[in-house]
Structures are given as C-alpha cells and as structure tokens.
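Here the protein sequences line up with chains A and B, keeping their order.
All residue numbers in the first sequence are consecutive under this note's numbering, ending with 355.
All residue numbers in the second sequence are consecutive under this note's numbering, ending with 385.
Calculated directly from the structure, the hints in this document are not laboratory data.
Yeah, the Cβ is synthetic: ideal placement off N, Cα and C, and Gly gets one too.
Be a bit skeptical, because a hint or two may be false.
[Unchecked claim] Going by beta-carbon spacing under 8 Å, a handful of chain B positions derived as facing chain A: (1) Ala64; (2) Pro86; (3) Ser87; (4) Ala92; (5) Met93; (6) Ser97; (7) Ala99; (8) Asn103; (9) Gly113; (10) Arg117.
[As the list claims (entries may be wrong)] Which residues of chain A face chain B? A partial, calculated answer using Cβ under 10 Å: (11) Glu245; (12) Arg248; (13) Ala249; (14) Ala250; (15) Asp253; (16) Ala255; (17) Arg256; (18) Gln259; (19) Ile264; (20) Leu266; (21) Gly270.
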Amino acid sequence: MSSSQSQQAVKMGFATRLLVYGILLIVAIFYLLPLYIMIVNSLKPLVEIQQGNMLSLPHEWTVAAWSSAWSTAQIGVEPTGLKPYFLNSLLMVVPAVFIATMLGALNGYVLTKWRFRGSEIIFAMMLLSCFIPFQIVIIPSARLLGLAGLSGTIAGLVAIHTVYGLGFTTLFFRNFYEAFPTELVRAAQMDGARFFQTFWRILLPNSGPIIVVTVIWQFTNIWNDFLFGASFSDADSQPMTVALNNLVNSSTGVKEYNVHFAGAILAALPTLLVYILSGRYFVRGLMAGSVKG
Amino acid sequence: MSFLNIQNLSKNYGTVPVLKNISLEIEEGGFLVLVGPSGCGKSTLLNTIAGLEAINEGTITISAKDVSQLHPSERDIAMVFQSYALYPNMTVAGNISFGMEMRGVPRDERDRSVKQVSDLLQIGHLLNRKPGQLSGGQRQRVAMGRALVRKPQVFLFDEPLSNLDAKLRVDMRTEIKRLHQRLKTTIVYVTHDQVEAMTLATKIAVLKDGVLQQFGSPAEIYNDPINMFVADFMGSPAMNLLKGKMSVTGGKTQLMLGQNEERCVSIDLKQTSAALKIYKDKDVIFGIRPEALTDFASASYNGASIVKVNCLIEVVEPAGSDTFAITKLGGKEVVARLRADANVQAGQYSDLAFNLDKAVFFDPTSQLRIA
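So here's chain B without its partners, still in its complex pose (with noise of 0.2 Å):
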C-alpha cells in the first residue's frame, strides 16, 4: 500500500487546465521529485498536495486518509518554500516554533524541539537572530528546521535550493539526502533541476504541460525514457536525437542517419527487436546518450553492440573530469563524451564507438518510443 497516493487529480484555472488527471504513488520513506520544464504544472501540483491550491478532481490520500479537503494544517505535511518564506520579524527561533505556538504547544516543550532540530541542522548559535541576519545557506537550514521541528508524515519541498549558489547548491542537495536517509520520512520534491532529481529521488515524476510524461525510478527514467520529452529533458548533456531511416538488406538491418545523401552515415544494427522491423523503409528517431558515443578506450567491451564510426570531429570542450567533442552525424550536431585524455582534435577524424545497447528509438510524429 502506497503512502503517499495521487488518484486521477486534475486542476483548472478557470477554463485552463493545468494538471490533467495526475495519478502517483509513493511508499512510506520514498523521496519522490516532480521534475519539468517551467510551466509544467509542478509547483501546482505541489501546492494542491500542500492544499494551498484546491483540486477540480481526484483524490489525495496520505497514509491511507483522504486529505483532499483539508486545511494545509490539518494534513500533516510540512513545507519548505523555494524563496524558504522566513518571518522577518520574528527570530530563528520564533520563526521555528511558530507553528506549535498556532496548535497551542506549551512553552518548554516548543522550546525542546526547538532546541532538538537546531542541533541537528546545527544552527543553534542562530536562534536569536533575525532572518535578515542571515546567509542564504543559514536561511535555507532554518526553512528546514522549521518543517523538520512539526515532524510530518510528508515533507514538501519547493525548488529549495535555486536561490543558492552552484557550490551551496550541491551541499545542501547532499545534506538533503543524509537527512532524508536519517530521519526516513516521505519527502515530495519540486525541481527544475534534473541533476537534483536524478541525485536525490528514489521515484522521478516528469511533467510536461500539466501531463505526467513517465513515473519511475531514476534509472528507468534515464536508461528507458518512455518519449522523446523524456529523453531530451533528462541529462546534461542531452541525449543526442537524430532522424535517420531504417532499411533492411539481407537480413541486415540499417539505419541512415540524414537524408543527404553524401554526408550520409550508416549503422549497423546488430540486434533488432521485433517492434523496430516493423519501421523498415521508415524514418525513426535514433537517440543515444554522449556517454554511450564515446571513444574506444572508454567504451564498454561488455556491451555486446559497439559500432565503429569515423566522425569528422568539430570542437573539442574539455571539461575536466571528461572531453565533449562535438561532431556532425547527418548533418545534425552530436555530442560525445570522450575520457579526460582522449586524443581528439577539432577537425580532424576520429573513430568514435557507438554503444548500442544503449541506443533508444522513437517515432517521429507521435514521439513515442518504439524500442
């Protein structure tokens, strides 16, 4: 039995739908990430599980108690804000035990949890400060010490770490994960950030204009993307996504990448599913990820499927820990991602290995993937 269960939830603004018949599930302890594009509908449907923003239709239930009508309050969820949303006028302290002061907690006892969660975030020497007084990082803990402090059954959080800076932001995402580990408490997660959700989820929900594109684990979300959206959306660098034509000649089965016909390159496909031949003479979607096109030292030897392409190199990005080379395969730009030591150079050929196993294919007009 699931937790945390959205049932067929959609949402209006007026006569814009922007959630449309949303259904997931998390289990007791699971960190689930809704992960989209901006506009995707997932602040909102954050908001509508915080009950902030009513619901047109469906059902929220947290450990097996419908919530759909509930006050925020009465639901038993806590919520960190993107913009952590301090009480400028109160102090850290006062800004943590606010809530408890509202459900009439006697004083000694605020002042025990309070004392309780400022050790554990370690923000004790803090607590008489104003939240003007305070760093970005300081008031991002104090955003999370005053959820931690009501002790939820969910914890929301809103995009909290985009208003760090790059080096804070990949602390905190730490320091989320070791808390999330510790305490063991279902946390729903809003992020534009696909590092962050890929890091941090235990179940990733993309969204894509108010419509759930694909539910699953990270890794199904990044190994099998279930569309094109999908596949774009999640890694950096993105996959790359090029059209090419499936032919078969004597039991071998083809793919051309571009349509021009001298900058044309082939592939052999040595493996083919059932689903794939059926798109013989039609044009697919190929898409691989950079690090499945990669040089040959680097290329797996126990993936079965490597395939050899020379591929005229165009820019070389070294980015430290690997090289990006950049090439052309049919006339549409490609990345690779190639060892730190690679021997490439811009404008030269190099032969690059191609990881099929890793390969997905989609079809072109509805998206979707076919194998």
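With the rest of the complex left out, here is chain A (with noise of 0.2 Å):
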C-alpha cells in the first residue's frame, strides 16, 4: 500500500508537483488572508490602519487594542471590554455542552442497547429536531422560557441549547451505539451490572471518539450561536457573540477597527482552542481490542 503509493508519487513529474503545490499554495493564502489581516491589524495602533495599509506590517507593535477590547471598549452602554461576556458564554456553554452530550449518550444507549416498542419512531422523531430552522421556534421558545422563569438568564439559554443540540447528540451516540457490540453490554449484564452501571462503566469509557466529536459539534455550535443569545438574554446575560456584535456597531466616536479585530479574534479563540486540543482524539481507535482482531 504504502510502497504502491510512494512509487505513484515517484511517477508524478516534477512540473506536475510544482503546478499542484503552487495551487495548494495560492488557495491557502487566499483563506489565510482573511485571518493575517485580522492579526496584523489587531496588533496596529488605529492611526497606522487609518492611513490605509491593511496588508502591511505594523510600524510600531501594541497590544492596546488587545486590552482595550478585552476590558474598557464600550459595549453598549458600558465600558466593560468583552471579558464580562466571555465569562456568560463560558458559564453557558460548559453547562449546555456538557447536559446535552450526556443526555444524547443516554438516548443512544436506551435506543439502541435497550429497544422497545416505538423507539425507531421516537428516534425518528427527535432526529427531525435536527432539520427544524431555530427562527421558527424563538416565539414558543421565549414564552417557555417565560413560564419556567428563565427569560433574560443564563440558565434559560443553557436549557435552550440544552434542547436542541439533543437531536445531533442523540443522533452522534445512537449510530456509535449501534456499532457498540452487544455481547460488550450482554457481558456486563452477567456480571451483574444493571441499567447504570453498564453505562457508566462500559459505554460511556468506551466512547472517547464520539464523545470528542460531540463536544466539537456542540460547542462550536453553542458559543457560535447569536439567535438565540440575542433573543432570549439581558444585558447582563449576553453571550460573547451578542456582544462582539454590540461592540462593532457601538457608534460613537471613531471605528476602533483594531480593537474590533482583536474583539473578532478572542471570541472565536476557544473554538480554535477546543479543536486543538482535542483533535487528536478523534484519531485514536479506542475500541480496538474489545473483540475479535
């Protein structure tokens, strides 16, 4: 295999090497770009940018615009920086990420290792979940939200979250589930394992892949969301995205673009952070070895 395809790579002349990787290598730019002018710009002070070179280096290097927008850039009214808020989406987050992957790992045990009358369509069901567009649900959402008294806080949008990522976790563990061998759970149930333990002690340990790719999903997804951030909290329960938005169109004064560029960049550094850290997980086979090899 691996010969076959070093001797395929041999074959491949060297025009044809320097046309494909100088392709690579303009695509690549083309997307970094973006992200080197967001770089470089956040580290300018504002008149540099204002005189009109986005693509060059910085004359002089500050970190101002960093503070600046971390704690006193005016957000709204107040002149807190971002950090506020960044700690609410934290607090939102960590909880909503955390409840829906468990509860999807439950659902996916009961419907796949303890079937019962009904469950495909049950399955089915919260799978659809997965297609409903969040605009049409804001309304109903809100008044929920309003009866169980958790408009405006931080707790009401976990539960939201909380809500509608179970269809995509439910969905990730149930086909992880359906591979899960069986006899895995038949054996645990003969050592006297009940209903939790098996959970506990079997799945859960033995879904390190999936899990990772859960949290990914779910946590890109959560700390990315602005309907729901800016639909259902107050000032004082804004997740990051509400207020980075809050900070850009706040209008008085001059465009601090810098600070708006570093704002950018630090609310999407923990995404950037969660796949880092836990992308290398995602390749290791944790199953191996459980049955037959």
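With the hints in hand, could you dock these two chains into one complex?
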C-alpha cells in the first residue's frame, strides 16, 4: 500500500508537482489572508490602519487594542470590554455541552441496547429536530422560558441550547452505539452490572471518539450562536457573540478597527482551542481489542 | 435428578417461533454441547439459559431452582462469548474482577481470586495489560478467566473457539476439556463444529430449525442417528446416504442401489431386522459412514457382516493418516475411508468392504430411522 503510493509519487513529474503545490499554496494564502489581516491590524495603533495600509505589518507593535477589547471597550452603554460576556459564554457553553452530551449518550444507549416498542419512532422524531430552523421556534421558546421563569438568564440559554442540541447528540451516540458490540453489554449484565452501571463503566469509557465529536460540534454551535443569544438574553447575560456585535456597532466616535479585530479573534479563540486540543483524540481507535481482532 | 433441566421451552420472535418445545437435561458435572447449522437456534437456547433472552413457555431449573424469570446475574452462571466481549477500557485484572466488584466483594478477596484464576490459566503476566494488547488465544483465556472467577454452577460457552486459527482451536479445545475434568463444573457449550461437539461432550443435543432432533451421548448420536439430518450433520466426511430398493428373493434380502439398471449395485443383507423387512420392494435410504466402507485390510474382521463390492475409484485423496477414495454407487458419489497406504488408483476397479453392522436405514419420505 505505502510502497505503491510512494511509487506513484515518484512517477508524478516535477512540473506536475510544482503545479499542484503551487495551486495549493495560492488557495491556502487566499483563505489565510483574512486571518492575517485580522491579526496584523489588531496589533497596530488605529492611526496606522486609517492611513490605509491594511496588508502591511505594523510599524509600531502594540497590544493596546487587545487589552481594550478585553477590558475597557464600550459594549452598548458600559465600558466593560468583552471580559464579562466571555464569562457569560463560558457559563452558558460548558453546562449546555455537558448536559446535552450526557443526555445524548444516555439516549443513544437506550435506543440501541434497550430497544422498546416505538423506540425507532422516537428516534426518528428526535432526528427531525435537527432539521427545524431555529427561527421558527423563537416565539414558542420565549414563551416557554418565560413560563419557566428563565427568560433573560444564562440558565435559560443553557436550557434552550441543551434542548436543541439533543437531536444531534442523540443521533451521534445512537449511531456510534449501534455498532457497539452488544456482547459487551450482555457480558456486563452477566457480571451483575445494572442499567446505569453498564452505562458508566462499559459504554461511556469506550465512547471517547464520539464524545470528542459531539463536544466539538456542540461547543462550536453554541459558542457561535447569535440568534438565541440575541433573543433570550438580558444586558447582563449576553453571550460573547452578542457583545461582539454590540462592540462593533457602538457608533459613538471613530470606528476602532484594531479593537474590533482583536475582539473578533478573542471571540473565535475558544472554538479554535477546542479543535486543537481534542482533534488528536479523533484518530485514536479506542475500541481496539474489545472483540476479535 | 438432573442438574440443569429445561422443560418444554419455547421462544418466539414476534410470530416467528425460534425454539419449539425443547426439553433437555444434564447431570451435575456434565458437558452438554448444543450443535446444529447456523440459524438452528442453538445460540438463542444458550441465551435463554443465560437469561439474556426471555422465554415464552417452559421452565429452566438449575440445581432444582427455577431460574426462568431471574436476571442473568442471579442465575449463578457465567458465560464466555464468541467475541470474548472483554471490556476494552479495563485491564485484564479489571476484566476478571468486574463481576465481583459489581457484587461488592472486598478488594483483597477480589485480588486473591484474580490471582488464583490467573495462575490456573497461566495469564498472571498479562494482568496489567489491556485486551487490545493481547493475542487471540490470550483473550480467549482472559474471557475464560472472567467466567471461572465466579465459580458458577453452570458455565455457558457460545462458540468460544470459532475466532481462533485451526491449530490454536485444537489446543484450546483440549484445554477446555482438561479444565472441565479438573473443575467438574457443569458446562453448556454451543458450537457448529461437530468435531468439537464429539470431542468435548458428555451429552450432545442436535438442533435444526428450533427443533431438538436428537439428544444423547456422542456415541449414540454418531452410531445411532435418529434421522437423516443427524446422520448427515455429524461426522466428517459426512455419512454416505444412498437411495436403494429392498427386495427379498428366496429368503435372501437384497438392497439395490441406484435406479439406472446397468449401474445398479446389489448388496446382500445378511441380517435384517423385522422393521426393515416391512420395506420389501420399497425405497429406503441406505446410510454408511466412510470408515465403514474401506479396503479389506482395514475392515474389522470381528464384524460379521462384511460385504465385498467391486467399485470404480474415481478420485483418490490421500490425507496423510487416511486415504479417501471417491467412487460412485448407483450413480451417486460415495466416500470411502481407506488405509493411508491402501493400493487404490483413480480410474481402476477395487474391492471395497462394506461393514453392514454399521449401516443404517432411513425412510425416504419421513427421513426417520428404520433400522
């Protein structure tokens, strides 16, 4: 396999390779350009940007824009920077991801290993929730949150993101557990493990790859969500995305592009971090050796 | 009093019956093998004994206690699965002691039991490894260790050797037998391999389409098959089953093999039972195992009913220990088992000895044994 691949690589002429890598390079530069502009300009004083050299490196390197975006910039009416909203987002994302992932895993476990009459219909209905555009459910959701006394709170946002994440997390875990050897569950039953013991001790520890996939998916979606954040939060419970919008749209005085760039990067940082930290667990075959091999 | 007793057990999946009114029993310390082709219900039967599948009718008693409705963990049984089903996230020691942990056995006692079992199975050096780092044979041992450590009243084995290569399979088969002789625990063992069934069992149950065909000792199953299915299924190479016609002329009973007149072979039956005589001038199925159809040197002379037939040998297959000769009798292919150095050649006629003491007869329509 590998030898035939290297032979093919040898056969590909130098010119062809140059062409292929040349195109790849151009495309990569094209896609990295916005990131470059953001980083470079966030490290410039505002005057340099106003002179109009977006692509050039800063003459005078400064992190003033970053600290301003983080702690002093005007968000709406308060000069608080993005810091409190960053915290809001964390307080919203972490519980929402955790709860939706756990419930999804539990759903997947029941739907595959404890099938009951109508379980397929329930799964189909949960799947349907993946295809409902969020805009449709905003008014009913607002009403429900109001009835529950959760409107305008972070807990309300956690609840709404958990509910709308369940469709996907259930789908992920259900498909993963479908291929999970039933004999392992049976062996645990014979060993005397009951419903939750089997789940905690056998299913979950062997769900590494799908947990990573689910966490990345949920984290990215919830962190980047603007619609629910804008609809269901108060001034003191706004997530990062809404605050960023307020920062950029605060129209008093000059547009501080360097601060906006820094704020946008800050807002994107956590999702990037999640990818970098957990991406390597994707490839690990955690199921190796459980059954015949 | 039998130890494991299954009475009138039936199981359906919806409207599809998979086990039909099965009754079996095995004495304490016995080795019961459930054998049959795939889809015959043998694994389902094992799962119902384990309690992993509910039954629709009947009872299962272990040591005079009705366990039909009990949870698998309360039946005092342990199971070795076909895929071994080792928990991949736990070490070998963790796998073996998981059941005790679930039952709240204190740690030092758990460690003691794990050590005992790992010494017995010679897996002591593997205790800290994960299943992924073990070879097939080692996984098999760990799976057995997990069952052994519980000291159950009954062991259940679900095709435990089918994932091993041929040589290891034979080794592990011997090991299971040795283990059984040593521990003297009752075992129920599922396999589709009739050699495994013959070598291991004290009692064999042959199943087909959810119906128990025959239940008896390996010798009974092999020598006195109750119908054509059992005769054909047990034994390798399979029993030769040939259609023939009975005729009685002048007190001499003859069996004509083959319908086509010129290729007809007639065999004198020296002793015939009353049951067989009823089939005078009727078709019967004549069954003879390859080892009862051999060269004269290997035919046992204390068997009185040796009949000589001159046959055209079509193919010779030397297998080292024996030579298999394939010939045609009455137009149908027949396998004979000869000495390794038997002087036969393809394309030539040779005399073959039929040991009629070992021959069996079946009714062609009901497929049941006549004599």
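Here is how each hint holds up against the structure:
{"no.": "1", "hint": "Ala64", "verdict": "7 Å, holds"}
{"no.": "2", "hint": "Pro86", "verdict": "5 Å, holds"}
{"no.": "3", "hint": "Ser87", "verdict": "4 Å, holds"}
{"no.": "4", "hint": "Ala92", "verdict": "7 Å, holds"}
{"no.": "5", "hint": "Met93", "verdict": "5 Å, holds"}
{"no.": "6", "hint": "Ser97", "verdict": "4 Å, holds"}
{"no.": "7", "hint": "Ala99", "verdict": "4 Å, holds"}
{"no.": "8", "hint": "Asn103", "verdict": "4 Å, holds"}
{"no.": "9", "hint": "Gly113", "verdict": "4 Å, holds"}
{"no.": "10", "hint": "Arg117", "verdict": "5 Å, holds"}
{"no.": "11", "hint": "Glu245", "verdict": "4 Å, holds"}
{"no.": "12", "hint": "Arg248", "verdict": "5 Å, holds"}
{"no.": "13", "hint": "Ala249", "verdict": "4 Å, holds"}
{"no.": "14", "hint": "Ala250", "verdict": "8 Å, holds"}
{"no.": "15", "hint": "Asp253", "verdict": "4 Å, holds"}
{"no.": "16", "hint": "Ala255", "verdict": "5 Å, holds"}
{"no.": "17", "hint": "Arg256", "verdict": "8 Å, holds"}
{"no.": "18", "hint": "Gln259", "verdict": "6 Å, holds"}
{"no.": "19", "hint": "Ile264", "verdict": "6 Å, holds"}
{"no.": "20", "hint": "Leu266", "verdict": "9 Å, holds"}
{"no.": "21", "hint": "Gly270", "verdict": "9 Å, holds"}
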